[in-house]
Structure formats: structure tokens, C-alpha cells
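Asker: Spelled out, the chains give:
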Amino acid sequence: MRYNDVNIKITKPRPVVAPYIAESKATLARPTVAALWSENIAMTTKQTPRTMLDKIWDEHVVRYEPGQQTILYIDLQLVHEVTSPQAFEGLRISGRRVRRPERTVATVDHNVPTTDRSLPIADPVSKQQIDVLRENCRQFGVKLYDIDDPQQGVVHVISPELGLTQPGMTIVCGDSHTATHGAFGSLAFGIGTSEVEHVLATQTLLQQKPKTLEIRIDGRLAPGVSAKDMILYIIGKISTSGGTGYCIEYTGSAIRSLSMEQRMTMCNMSIEAGARAGMIAPDETTFQYLKGRQFAPKGKDFDAAVDRWKRLPTDQGAGYDRVERFAAADIRPQVTWGTNPGQVVDVGGKVPYPADYDDPAQQKAVAKALQYMGLTGGEPINSIAVDRVFIGSCTNGRIEDLRAAADVVRGRRVADSVDAMVVPGSGPVKRQAEAEGLDKIFTEAGFQWREPGCSMCLAMNPDVLEPGQRCASTSNRNFEGRQGKGGRTHLVSPAMAAAAAVEGHFVDVSQ
Amino acid sequence: MQPFTQHTGLVVPMDRVDVDTDQIIPKQFLKRIERTGFGQFLFFDWRFLENGGDNPEFELNRPEYDGASILLARRNFGCGSSREHAPWALEDYGFRVIIAPSFADIFYNNCFKNGMLPIRLDEAAVNDLFARAAKYQGYRLSVDLERRTITDQHGLSLTFEVDDFRRQCLLDGLDDIALTLEHEEKITEYEQTHGIV
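Just so you know, the protein sequences line up as chains A and B, in that order.
Quick note: the first sequence uses this note's numbering, first residue 1, plus one each step.
Quick note: the second sequence uses this note's numbering, first residue 1001, plus one each step.
Rather than coming from a laboratory, the hints here were simulated on the basis of the structure.
Remember, predicted model here, so these are calculated numbers, not experimental data.
Built from N, CA and C at the ideal position, the CB exists for glycine as well.
Among the hints, erroneous ones may be present.
[Stated by the list, open to error] With beta-carbon atoms standing in for the labels, derived distance ranges:
| hint | chain 1 | residue 1 | chain 2 | residue 2 | range |
| --- | --- | --- | --- | --- | --- |
| 1 | B | THR1159 | A | TYR64 | 54 to 60 Å |
| 2 | A | GLN208 | B | GLU1189 | 18 to 24 Å |
| 3 | B | GLU1057 | A | ASP359 | 19 to 25 Å |
| 4 | A | ARG134 | B | ASP1144 | 25 to 31 Å |
| 5 | B | ALA1131 | A | ASP356 | 22 to 28 Å |
| 6 | B | HIS1154 | A | LYS237 | 40 to 46 Å |
| 7 | B | ASP1144 | A | SER259 | 52 to 58 Å |
| 8 | A | PRO354 | B | THR1188 | 32 to 38 Å |
| 9 | B | GLN1192 | A | ASP307 | 22 to 28 Å |
| 10 | A | ASP359 | B | MET1001 | 22 to 28 Å |
The shape of chain A in the complex, shown without the other chains (with noise of 0.2 Å):
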């Protein structure tokens, strides 16, 4: 109800000033992203009870004609170096600038080592690609965020960081875990390479708008589970194309009390379950996550944006397309057996047999998966021993995560048969988790510490898994060859790798 007695009035269009973007000069030249209202907002509630996102998307739409994708404006655009070249490359072609510099924002992250940073890239191609995206930045006039700056990191804890992320947005990427920025309330979703080029060309997307699938958890998460316990369970629920066409938004108590970081978790993996986009309605959370970071409104200009993100929140009577209901209480501590993150069991269950399911397509691709896997179908979750460990990620690389799993580690040892890594999700994140001193935490129990980066998420650059080695990881996708050709991927959370590197094998954190 906190929402909904909020007093929308009709109030007369005014023009709509630029409130902090003369204060994020002030510090910084660019880049200058602010999410811009005008009062139709309030107009258009008071008429049709409408949701989050319809609110957000009627806000940006420049262009509608029946028949026709709409041209939706784009607030923010972050760019990395991997599916960011061809796009610079088309404008250079067609003679095009970028349209709006300031609302784009650039960071390697994919292709970066995560060993010493003094050292040169020793992969000629990766360098390259980074190279190319300097000259391309410094040529477009586009921030970059480079991989000596304090503040580099993966892209998608990056931009929350530096409050580039707001709620109110629409914010894109060429890589499907934008889905991220949802978190605060944003229209958030993952883009090719085709259409970087052409949101860098006109700050627009053409877009059909999706349906909205409401996802509503209540209740409360049993101690030791996570966020990332419950978007797995989600999705093994749902499959791995159940949000396919749609537009998510998590609601429910057990939602609500998420921090901000773990709600991050729960709409980065919205792709996972085939949804572009998953959201999450902003409130006091948001807000004071928001509150003093760098590109935040700040004063009152930031108790003006905070009265407009007030409205954002799905109206009462507003309807979604589908509704999916899931109780916090059931949902216990999470590991995937296969190759997608629907293949996905409690922790203390077995490995399914392909005669478990009744479809037959899916009876063979658990076949081929659990023969990709290394599994034969019935091995008790907790009987798996792991070989690696890597804890980062955009899902999981931000200073709570490394929390989590410092204090299941704390005061132990990693298992002698465990090779085990952090990899921080930002230079902040990890100067953060020094001044904790976590970092100490985890190299004195036989960790590898790190530099930022994706690293063995998808393992582009040197942190690879071997043919056949076993990993517990923290990140998103378990698919054939994600983290290395041959390699076996099972995600958990950070509190059940941390456990998993100590045990050797996996086990229930919630015991």
C-alpha cells in the first residue's frame, strides 16, 4: 500500500528544467545522465491505473504510429569493449557522430586480466579490442571508465556505483545482464551490436513494447538464502524461456526486503529466465542507496527526483499480462546439475534422471547434459566435489556478495584439492572489501585476490577452466564451455561457493 496513497494531482505542464546536470558538471566535464520527467506522468496516472512499465515507457516514446515499432528514447547507453567496435565502426562508415556523448558510458571489463595490472595484456587480440575502444572513446567524445581508472569495473556494478543508474530510465548495453538496472526501478534490457550503433546514432531504439509478467514472492527467505537462491528457484519454475516476450517485475515482501545489491542479483538474471528486462519498484531502499553517489541529484534537487520515482511504483488496478507466485519459505539453498540455469536443484536434492521428465526433447537434453556434466542422473547434490571456485561477476561481484561468502569462510582453509578465486566487481568493491579486510580473509584461507573484471564468468580473458574441471560459480550461465571448453559449470551463490571451496564439494550453507 506504500505506494498507492501516494497523491498523484493533475498538475499543468511546465517546462522541465535539468535539475543536477550543472552539479554533475561540477564534477565531472560528462558524463551528465539524468532521468528527465515531464509532469504527464502525473497527468496520465490520475486517468488509467497503469504499471511500472507502461509509466516508464510512455515516458519515452518519440514516436508511435500503429503498425510501426515505436522509437523509444534511450537516458543511458553503456558500452563495453566486446560488442561496441563493429557499432563505431557503421557510424564511422555512414559518416554519423554519436549523438549524445554524455549519455554514454564507456568500461573495459570482458576482456581485462585480473592479475597484475602493471603488466601489459599478453593477449594481443584482447588488447586490440581494448585499444579500439579507447581510440573509439576518445574519438566520439565518449567517458571511459579505463583500466586504470579507480572506478573501472564490470559494467553493471559500475554504472549503480557511480549513480548513473536512477530509476525512471531507460538504459541499454550490448550484453544481456543489463537487465540489472532494473533493480532500481529502470527500463533495463541487453541489445546487439546493430542496435548500439543505432542508439549511439540517434540516443532512440525501435522497440515493441513487451508484455509484463509479474512475479510475486512473499514471505520470508530462510537464513542462508540468498537472492540468487531465489532467482535460480525462479527460473528452474519457469524455464529458461518462461519470461520470453516479457517484461518482468518482481513484486512481494520477500522482494522488498531485499538491499539494493540483491536486487540487482534477482533482475540481472531476468535474461536467464528469456525476459529482456526485469524491474523492481524503487522505494526508501533505492532512494538511500541512491543518496550521495556521484551522479545522484544531490539536495534538493535529489528530494525532487525522489518525489517522482515515488510515482514510479505499478498504480493499484493495474493489471499484468501474467502473474507467477512463489513462497519465500520453500525456496531452499540452490545448485545447478546442467547446462542452463533452469537445470537447477535444492541443495540437498539429487541430479533428475532424463526419465524424470515426460517430454521427450527434454528428456534428451537432460541426457546430453548430464553426459556434458559428467553426471550419470541421481548423485546427491552434496556429493559433488568441485575443482574451482570463482566468486564475482555482474550477478554476484559487489561488496555484500564478497561478505557472504568472507563469512563462511572465515577462519578456514580451502580445500587442498581447490583452486579458488575473488574477483571483485570494481575497484570500489575491492578497496571496499580491503578496508573490511576481507581481502585478508580470503588469501589467508588459500584465495586468489583479484583485479576487476568479468574474468571466469565467461572466461575471455586468461581466467579459464580446464577441459573436464569442475567449478562452483557465482556467476550466471551454465552453459557448455561458458567458463572454458570442457569445463563444468554449477552456479550457486556466494555463500555456498565460499562453502564449496572449504568442504571440497557443495553443501548446505542454511544448515
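Got chain A sorted already, so can you dock chain B onto it with the hints?
Answerer: Okay, now just chain B, sitting in the frame of chain A:
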């Protein structure tokens, strides 16, 4: 972008659900800075053996599917990463049409940007096509985007749904950016009314 109007070609069936973009183009090939030349890496880990030779078990390597340009797939094709390298690799390899019961959203969208037509058919129709591809050697389909039809030489005639706007863009080989920039004054107007200066 190359236009797509009609296409007739050899069908290769790929009887696997949830084929993800990490399989279509593994990450080690994402470091290139060009749009072209990805076909040689298509389905790399499935297509090639450890010693670099062709994996004879893999669908695309079977001699009867040599030169195939229509990929017949199962549900949730193209799930996972947003990498446009996936459609670039499929297109560069020679595919013009992909038929499946469902596609991942980003992949589906990316295909249209590259002159490739993804066609959604219901499960029963896809099952029928798999059966036909198994029954008739050198099975070929003709796809007509203008009329939204799929036909074969054995009496099959299907229609398919495709968004009008995307269909027109593909038929004309239109460049999205140029299309949008026809409305540049609307973008400028939006920016002015929203204080974006």
C-alpha cells in the same frame, strides 16, 4: 543490409532444444573487431574435434547437409548472450532462414538486422518439418516473405506470422538508423521538451 524477399534452400535439422549463443559462437571468437568472417567459427565446439578436424557426428558436417541455408531448430533457439556475433556467424556460414517453435528475444531481433529471417512456427508444424527432412533426401524449402509462405515439393504449404514493420524492413533491406533519422526532428523535439540540451 541485404534485402530478403524469397529464398529456396537445403534444410539442415538441428534436433536440440535451448541452443544458446555461447554454442553458436563461443566467446574466444568475440575478440574480433569486424562484422564479417565469423562463419568459420560457427558452432565451433560442436563442429570441430580436439585435433581440429571436423566432428562427423555434428549435423552441419554431414555431407548431405553441405550447402544448407535453412536451419530447422527446436524451441528457445539463440538463448543467452546478446552477442550479434551469433547471427553474424550464421549468416556468414550461409544461412538465410531459421525455423523454430520459439527464439530468444534478443537473438530474434538481431537476425532481422542482418538480412536473416527467423520464422516461428508452432511445435506441431516444426515436428512435421523434422519428419519431412528425415523422410526426403536433400529436403528443400521455399520461403516467400512477401506472401509469408513456406512450401516444399511434396505438397506442403504453410503460412507464418511476422511483424509487418520488420517484414517491410527486410523486404526493402532498409537501414534502421536511416529510417529513424527520418524522424530526427521528433527526437530533437523530445529532447527539448525533456530538458535534454
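Asker: Each hint should be assessed against the structure and marked as holding or not.
Answerer: Going down the list of hints, with the structure as the test:
1. B:THR1159 to A:TYR64: 54 to 60 Å: The hint (54 to 60 Å, Cβ to Cβ) is violated, given that THR1159 of chain B and TYR64 of chain A are roughly 28 Å apart.
2. A:GLN208 to B:GLU1189: 18 to 24 Å: holds (22 Å)
3. B:GLU1057 to A:ASP359: 19 to 25 Å: holds (23 Å)
4. A:ARG134 to B:ASP1144: 25 to 31 Å: Because 47 Å falls outside the window, the suggested range is violated.
5. B:ALA1131 to A:ASP356: 22 to 28 Å: holds (27 Å)
6. B:HIS1154 to A:LYS237: 40 to 46 Å: Roughly 41 Å apart at Cβ, these two residues keep to the hinted range, so it holds.
7. B:ASP1144 to A:SER259: 52 to 58 Å: With a Cβ separation near 54 Å, ASP1144 of chain B and SER259 of chain A satisfy 52 to 58 Å, so the hint holds.
8. A:PRO354 to B:THR1188: 32 to 38 Å: violated (58 Å)
9. B:GLN1192 to A:ASP307: 22 to 28 Å: Distance hint for GLN1192 of chain B, ASP307 of chain A holds at roughly 23 Å.
10. A:ASP359 to B:MET1001: 22 to 28 Å: violated (37 Å)
This entry does not satisfy hints 1, 4, 8, 10, going by the numbered hints stated previously.
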